[in-house]
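Undergrad: One letter stands for each residue in the lines below.
Number of protein chains: 2
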Amino acid sequence: MADVTALTNHQVRLAARPVGLPKDSDWRFVEEPVRAPGAGGVTVKVLFLSLDPAMRGWMNEGRSYIPPVGLGEVMRAGAVGQVIASNNPRFSIGEHVSGGFGVQTYCTIAEADIGRTGLTTIDLAAGTLPQWLNALGMPGMTAYFGLLEVGRPRPGETVVVSGAAGAVGQTVGQIAKITGCRVVGIAGGAAKCGFVVDELGFDACIDYKAASVREGLKQHCPAGVDVYFDNVGGDILDTVLTRINRGARIVICGAISQYNNTTPVKGPSNYLSLLVNRARMEGIVVFDWADRYREAVQQIAQWMREGRFHSREDVVQGLEKFPAALNMLFSGRNFGKLILQVADL
Amino acid sequence: MADVTALTNHQVRLAARPVGLPKDSDWRFVEEPVRAPGAGGVTVKVLFLSLDPAMRGWMNEGRSYIPPVGLGEVMRAGAVGQVIASNNPRFSIGEHVSGGFGVQTYCTIAEADIGRTGLTTIDLAAGTLPQWLNALGMPGMTAYFGLLEVGRPRPGETVVVSGAAGAVGQTVGQIAKITGCRVVGIAGGAAKCGFVVDELGFDACIDYKAASVREGLKQHCPAGVDVYFDNVGGDILDTVLTRINRGARIVICGAISQYNNTTPVKGPSNYLSLLVNRARMEGIVVFDWADRYREAVQQIAQWMREGRFHSREDVVQGLEKFPAALNMLFSGRNFGKLILQVADL
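Protein chains in written order, with this note's numbering: chain R, 1263 to 1607; chain E, 1263 to 1607.
Derived by calculation from the structure, the hints in this document are not laboratory data.
Keep in mind that the hints are not guaranteed to be accurate.
One copy or any two copies: either way a pair holds, since identical chains are not told apart in the list.
Claimed, not checked - Okay, derived cross-link-like pairs now, SDA-like style, lysine to any residue, Cα gap no bigger than 20 Å in a straight line:
(1) Lys-1528 / Asp-1500
(2) Lys-1480 / Ala-1466
(3) Lys-1480 / Ser-1326
(4) Lys-1480 / Thr-1504
(5) Lys-1307 / Gly-1356
The shape of chain R in the complex, shown without the other chains (with noise of 0.2 Å):
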C-alpha cells in the first residue's frame, strides 16, 4: 500500500459564518498532507462533490438537524471517490465509495467514523459517479422518501414540485409521474421548464421567472394541488397555499428562497389554507431513512435501466471553484443536479 502521507490534500475551509450570500472570504483554502489510515481506517481520493442547499444551512450557528460545520473545519459535503488505501477489511483499494467526506481531495477515515461518514460502497452498474450523487444519492433520497412516505401521492392526484429541474425536484416529478399523478414543476426559466415537461415527462411546468405562479396553477392544476413538495418556500410556497385541495399534503423539504436572508425568513401568510382545507404541512429530513435507502437505491436504478427516468447534472470543474458553484444554487445558474469534480477520472 503506498504512503498517502506523501500526497498532499487540498481543503475548503469555513472562515467565517456568512452573513446572507456567502462570500470568497467566509473560506480559507488550505494545503496538508494525507494522513494515514491508521488501524481498520481508509484513505478515499474524493472525485466528485454533491452541491446542495442545504450546505448553507450546515454554515450557520443554531440548533438544527445536524450539528453546524464549526469554524476552521473542512466544510462538510456528501460525495464519491475511490479508495486509495485501507486497512479495513470492508473496503478494497480502487472500490468506488460514497459518503460525507468533506471539501477537499482526500478523505481519511478513522475506523470509528466509518459509521457517521456515511462510508459505503456504491456499484457503478447502478449509475455513473455523478448520478450517485443524485437520484441515487441523497437528492434522490429525499424525494423518494419524501413523496412516498410524507407526500404519500395518490395515482390521479395533483403534485407540484418547486425547484423542479433541480436535483430533488427532477426526482419527485419522475417518481410522482410513475405514481400515476398529475405532475406540474415550478422552475426558472425556459430551458429548465423546457427540459422538465420533454426529458422527463412533466406535465406542465411554470416559469416563475416569466409568468404568473397563481395564473400557471389555475391553468395546469384545474383539479388544484392534493402534493405540493416544496424546495423553495417564500411567495411561490405562499401562492400554492391558495391553491390547495382539501386534505393536501405539503412536504416542507427546503427553503432556498430564504436560506441568505439577513431578515427573518418569510413565514407562509397563508398557512391557515392548512386550517380551511384540513391540509398538512410536514418536514422531511432524509438521514431517518437511512435504512431504507437499499430500496430506493433499487428501485430508481431499476427506472432507469428500465429508461423510465432521467438525471441531469451540471458538473463543474476543479476543487478552486466551490465557492462560486455552491453560489450558483441560490441564483438559480445551476441546471440539474449542481456536482464539483475536484479530481480526473
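Using the hints, position chain E against chain R.
TA: Coordinates of chain E only, in the frame set by chain R:
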C-alpha cells in the same frame, strides 16, 4: 299548537362586511313576525347563543370551509333552545334542542333544512344548556377530535394549548391531562392562568400578557413540546415553533390574533422548524367529525359526572349586547366560553 306568527322575532343581520374589528354599523337589528313551521317544520325559541372566534371568518367574503354569511342575512350562530311549535314527529314541544339557529330570538326550520341546521335534541341530564354550547357542543367537539385525532398525544408527552381558558382550550387541556400528558396552557392574565391551573388541573399556565412566552416554555416544558394546539396564531405560534420536539404535531384550530387584521396574516417565520424537527402542522374543521359527535359527547359527559372534567362559561345577557359581546373575544375580555343569553328560562 300556538300560533307562533303572533310572536316577534328579534334578529341581528349582517349589514356590511367588516374591515378589522366589527363595528356597530356592520350589524342591523330587525324585528319581524316569527314564521310558521309549515309541514314537517319546527319552531325553536332560542335561549343561548354561542359566540365563537370563527364567526369573524364567516363575515368575510371568499372561499373557506363554509360559505360566508350573505349581506342582509341573519348572522350565523350555534345555539340551544326549546321547541315551541312542531309539525315533525322527531321533535316535540318543550324539548331542548341545539343547532345553527342564528343570532335571533326564534328560529323556524323547514323540514328540508333540518339536516343542514343540525337540529338535534339535547339531554339536560348530560349537561346544562350553556355546557351544551361548550364542552358538549362545537368547542368540545373541536377540542376532542382536534387533540385526539390530529394531535394524537401519547401519555408522558407535553401538550401546550393557547387560548387555554377559552372554550376549546379548556377542553383540550383537560382531555390531555386525562390522556396522561404534561399540559401547559397559554392565556392572558393572572385570573385565567390561575383558573386553568387550580380549577382545570393544568400543570402550568403562561400569562402571555405578563411574561415572556419563550421563557415560560423553557421553564414549564423542560422536555420540549410534543403537541401544540393553536387557537391564536401570530407571535405565540412562532415562539412555540422554536420549542417543538422531533415528530411534534401542531394542530391549527384557529388564529384569533389575526382575524381582525387589516394587513396580511402573519405567517409563521419559524415554520422551517417543521423541517428540522420532522414535525407536522395540520388543520382541523370540526364538521368533518359529525358522525362521531355522539361518542365525544358521551365521553365528556361521563368525565363531567365523574368530577374529572370542569367547564366555565361566561354568559352575557340580551340579544342587543351581541355586537359588543362578540368583540369581547378579540380583546380577551371573556373568561371561559362566551355565551349570549337571549331569553329568560
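Undergrad: For every hint, state whether the structure bears it out.
TA: Results of checking the hints against the structure:
1. Lys-1528 / Asp-1500: both (10 Å within a copy, 12 Å between copies)
2. Lys-1480 / Ala-1466: within (12 Å within a copy, 47 Å between copies)
3. Lys-1480 / Ser-1326: Close across copies (18 Å), not inside one copy (36 Å); limit 20 Å.
4. Lys-1480 / Thr-1504: Answer is within; shortest intra-copy Cα gap is 10 Å, inter-copy 35 Å.
5. Lys-1307 / Gly-1356: Within. Shortest intra-copy distance 10 Å satisfies the 20 Å Cα cut-off; inter-copy 87 Å does not.
Taken one by one, the earlier hints all hold for this structure without exception.
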